[in-house]
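2 protein chains.
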Amino acid sequence: MNLASNYLFADIAKKVQAFKAENPEADVISLGIGDVTQPLCSAVVEALHKAADEMGQSATFRGYGPERGYDFLRNAIVEHDYRSRGIDIDADEVFVSDGAKSDTGNFQELLGKDNIIAVTDPVYPVYVDSNVMAGRKIVKQPCTAENGFVPELPKEHVDVIYLCYPNNPTGTTLSYKELYRWVEYALQNNALILYDAAYEAYIRHDNVPHSIYEIDGAMECAVEFHSYSKTAGFTGIRCGYTVVPKTLPVPLNQLWSRRQCTKFNGTSYISQRAAEAIYTPEGQQQIRATIGYYMKNASSMKEALRAIGIQVYGGDDAPYLWVRTPYGLSSWQFFERLLTEAHVVCTPGVGFGPSGEGFVRLTAFGQSERTKEALERIKQIF
Amino acid sequence: MNLASNYLFADIAKKVQAFKAENPEADVISLGIGDVTQPLCSAVVEALHKAADEMGQSATFRGYGPERGYDFLRNAIVEHDYRSRGIDIDADEVFVSDGAKSDTGNFQELLGKDNIIAVTDPVYPVYVDSNVMAGRKIVKQPCTAENGFVPELPKEHVDVIYLCYPNNPTGTTLSYKELYRWVEYALQNNALILYDAAYEAYIRHDNVPHSIYEIDGAMECAVEFHSYSKTAGFTGIRCGYTVVPKTLPVPLNQLWSRRQCTKFNGTSYISQRAAEAIYTPEGQQQIRATIGYYMKNASSMKEALRAIGIQVYGGDDAPYLWVRTPYGLSSWQFFERLLTEAHVVCTPGVGFGPSGEGFVRLTAFGQSERTKEALERIKQIF
Numbered sequence: 022m023n024l025a026s027n028y029l030f031a032d033i034a035k036k037v038q039a040f041k042a043e044n045p046e047a048d049v050i051s052l053g054i055g056d057v058t059q060p061l062c063s064a065v066v067e068a069l070h071k072a073a074d075e076m077g078q079s080a081t082f083r084g085y086g087p088e089r090g091y092d093f094l095r096n097a098i099v100e101h102d103y104r105s106r107g108i109d110i111d112a113d114e115v116f117v118s119d120g121a122k123s124d125t126g127n128f129q130e131l132l133g134k135d136n137i138i139a140v141t142d143p144v145y146p147v148y149v150d151s152n153v154m155a156g157r158k159i160v161k162q163p164c165t166a167e168n169g170f171v172p173e174l175p176k177e178h179v180d181v182i183y184l185c186y187p188n189n190p191t192g193t194t195l196s197y198k199e200l201y202r203w204v205e206y207a208l209q210n211n212a213l214i215l216y217d218a219a220y221e222a223y224i225r226h227d228n229v230p231h232s233i234y235e236i237d238g239a240m241e242c243a244v245e246f247h248s249y250s251k252t253a254g255f256t257g258i259r260c261g262y263t264v265v266p267k268t269l270p271v272p273l274n275q276l277w278s279r280r281q282c283t284k285f286n287g288t289s290y291i292s293q294r295a296a297e298a299i300y301t302p303e304g305q306q307q308i309r310a311t312i313g314y315y316m317k318n319a320s321s322m323k324e325a326l327r328a329i330g331i332q333v334y335g336g337d338d339a340p341y342l343w344v345r346t347p348y349g350l351s352s353w354q355f356f357e358r359l360l361t362e363a364h365v366v367c368t369p370g371v372g373f374g375p376s377g378e379g380f381v382r383l384t385a386f387g388q389s390e391r392t393k394e395a396l397e398r399i400k401q402i403f
Numbered sequence: 022m023n024l025a026s027n028y029l030f031a032d033i034a035k036k037v038q039a040f041k042a043e044n045p046e047a048d049v050i051s052l053g054i055g056d057v058t059q060p061l062c063s064a065v066v067e068a069l070h071k072a073a074d075e076m077g078q079s080a081t082f083r084g085y086g087p088e089r090g091y092d093f094l095r096n097a098i099v100e101h102d103y104r105s106r107g108i109d110i111d112a113d114e115v116f117v118s119d120g121a122k123s124d125t126g127n128f129q130e131l132l133g134k135d136n137i138i139a140v141t142d143p144v145y146p147v148y149v150d151s152n153v154m155a156g157r158k159i160v161k162q163p164c165t166a167e168n169g170f171v172p173e174l175p176k177e178h179v180d181v182i183y184l185c186y187p188n189n190p191t192g193t194t195l196s197y198k199e200l201y202r203w204v205e206y207a208l209q210n211n212a213l214i215l216y217d218a219a220y221e222a223y224i225r226h227d228n229v230p231h232s233i234y235e236i237d238g239a240m241e242c243a244v245e246f247h248s249y250s251k252t253a254g255f256t257g258i259r260c261g262y263t264v265v266p267k268t269l270p271v272p273l274n275q276l277w278s279r280r281q282c283t284k285f286n287g288t289s290y291i292s293q294r295a296a297e298a299i300y301t302p303e304g305q306q307q308i309r310a311t312i313g314y315y316m317k318n319a320s321s322m323k324e325a326l327r328a329i330g331i332q333v334y335g336g337d338d339a340p341y342l343w344v345r346t347p348y349g350l351s352s353w354q355f356f357e358r359l360l361t362e363a364h365v366v367c368t369p370g371v372g373f374g375p376s377g378e379g380f381v382r383l384t385a386f387g388q389s390e391r392t393k394e395a396l397e398r399i400k401q402i403f
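Residue numbers (the working numbering), protein chains in the order written: chain A, 22 to 403; chain B, 22 to 403.
Do not rely on the hints blindly, as some may be mistaken.
Said to hold, decoys possible - Here are some of the chain A residues that sit facing chain B, going by a computed Cβ distance under 8 angstroms:
| # | residue |
| --- | --- |
| 1 | Tyr28 |
| 2 | Leu29 |
| 3 | Asp56 |
| 4 | Tyr85 |
| 5 | Gln306 |
| 6 | Arg309 |
| 7 | Gly313 |
| 8 | Glu397 |
Don't read these hints as lab results, they were simulated from the structure.
The beta carbon of each residue, even a glycine, is placed where N, CA and C say it ideally should be.
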């Protein structure tokens with residue numbers, strides 16, 4: 022077995038635990054792992070209660086759901102996330118899942134063993150680890166301050182391209198024009214784009230596409246992953262979805278359906294009803310408020326860091342800030358200083374790939390007061 | 022891709038849909054797919070409400086849970102499902118999942134590509150399909166009325182053995198002595214047993230092991246899968262668990278942990294709280310009542326079929342009846358007759374493997390009145 026040798030967040034958790042064990046009095050604030058802190062909105066909580074009651078009554082109890090998800094949710098997705106943007110997808114192209122991590126991790130099962138995989142560098146580790154576990158060759162496209170975090174097209178032939186925009190970890194975006202170049206490349210090179218839109222709900226600028234299917238030709242070359250984790254605070258509820266067009270040149274829709282029907286038994290009915298509630302007017306208003314709360318964190322964090330002369334990228338259309346380490350510190354050196362001197366946890370950029378060296382990722386998912394406190398402490402030590 | 026060419030239950034669903042479309046007035050009763058019909062018990066519904074409320078409050082909100090499951094549930098499993106039977110396992114050997122289908126489907130990712138896989142015949146299709154998808158060789162051990170549905174040990178060397186007891190689809194069991202022979206074989210041949218105990222809660226006889234770890238040596242050669250689907254009606258809630266001992270000769274505990282941490286993000290917190298509630302005294306009493314309800318179905322079905330001279334196996338320690346087709350009908354011929362003449366859906370035994378030819382599976386998971394009605398109709402046509 023050629024297993025990836027480490028998992029970044031587990032490593033960080035160990036270091037933080039060790040620090041806390043040695044410094045039990047320290048009040049550690051985490052701006053590290055990308056987990057949300059605000060509670061579920063009331064529309065979602067009501068839907069959870071209603072679904073729980075249904076499951077407790079003979080007349081409304083539901084057993085196994087469709088492996089691909091309930092129609093009520095797939096239709097809501099088609100209507101609200103696609104038709105409203107002029108994208109025409111079919112409910113049979115939507116696969117509800119227990120979260121984007123499962124789907125981005127498992128989708129590579131459909132790929133040939135000798136497929137060459139392109140990822141950005143830095144990159145969300147799951148794309149790389151799941152393909153390394155399967156023994157595939159990975160090609161990395163650097164995203165640096167010098168190229169504005171816009172990856173260049175691969176110079177050698179690749180078969181599959183993972184893109185995540187708004188980006189995790191850099192918090193930067195691709196414009197319509199920049200994303201178009203990738204769709205064009207994929208169509209010309211018979212490549213497949215696996216597009217992770219987990220942070221789509223954080224987009225605030227008009228020149229940033231919410232879905233890759235806003236780009237002509239993408240229905241012929243791209244699969245799109247969505248998550249409710251960051252959209253609606255579902256990290257503990259577990260629900261997302263993946264769009265696999267029937268118009269792809271390889272019958273991936275059918276193959277993914279077979280994969281899911283064989284190795285998956287559908288997402289919790291209760292989680293699916295909770296997701297449906299997000300699409301009501303109340304749900305939309307409530308999740309927007311929470312997203313606004315996090316994005317206000319992002320703005321004030323950015324401002325605070327810039328005020329002390331630290332370079333910061335991202336954070337305008339994404340809940341992540343990509344922070345250049347000062348004084349030529351390495352990512353892990355900066356991590357250690359923040360942890361030991363400010364009692365603040367960040368994620369070392371190098372953990373996301375070699376081009377992340379000299380950066381750390383900060384997340385805007387903290388509680389507002391705690392986030393301010395963390396930035397105050399960082400100010401003190403620099 | 023060498024994908025399995027069909028999925029039994031999808032095929033049945035298509036045939037039933039076609040029949041209903043042509044006969045919209047027909048009142049079809051399904052004793053086919055193994056899905057439960059009784060609502061969740063009140064202890065579980067209360068736990069769902071409580072967890073939903075927690076998720077709606079800042080102070081008690083929970084984001085990402087541990088990939089391997091919350092301690093509150095893993096500790097309850099260790100205590101109630103193992104220590105109470107004198108089995109000493111560690112919480113770190115328990116992995117909570119979104120159901121046994123995911124785990125039995127995904128676990129083969131840890132196996133070598135050239136591992137030879139033994140399954141019983143008939144068999145739950147997921148074991149075969151997930152390994153066929155990975156290109157592995159499958160060896161089938163027939164279970165027939167002639168050998169009392171007790172599979173013989175493999176004559177050639179095998180690396181991995183899937184056993185499901187109480188058995189799906191035959192509803193039969195292995196005694197302690199019979200299971201001991203498999204553990205002994207595995208230890209002598211350096212083979213791994215993947216033991217599916219999804220129907221353990223239906224065992225009523227003392228000579229039937231609830232866990233393979235009741236057999237000496239099994240901690241050195243077996244992984245055990247559990248599901249709350251049939252134990253507590255969780256088919257729509259999605260929760261189960263897998264025990265991967267640290268004492269196995271290959272570090273599968275560590276490898277499975279790596280697999281789950283890379284491609285899975287934990288089970289819904291709400292589902293885990295629901296599972297925890299099963300272990301309270303109220304929960305235990307309530308799920309026992311529902312299991313009793315289904316097993317009463319099994320007894321009366323068995324009696325009704327025997328009264329018309331049809332041979333029936335299983336159903337004593339399992340919610341499944343394995344019914345020999347009368348008049349030398351094939352499995353699918355009997356399926357067609359039951360569907361078109363009695364408007365009753367069964368599962369053709371041959372769909373579970375060649376040794377299932379001449380049998381159908383009936384499930385005891387129906388509503389009591391509907392199940393009686395179905396058996397009355399079957400009586401009419403034979």
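Check: Among the hints numbered above, which are violated by the structure, and what are their numbers in rising order?
Finding: 2, 5, 6, 7 and 8
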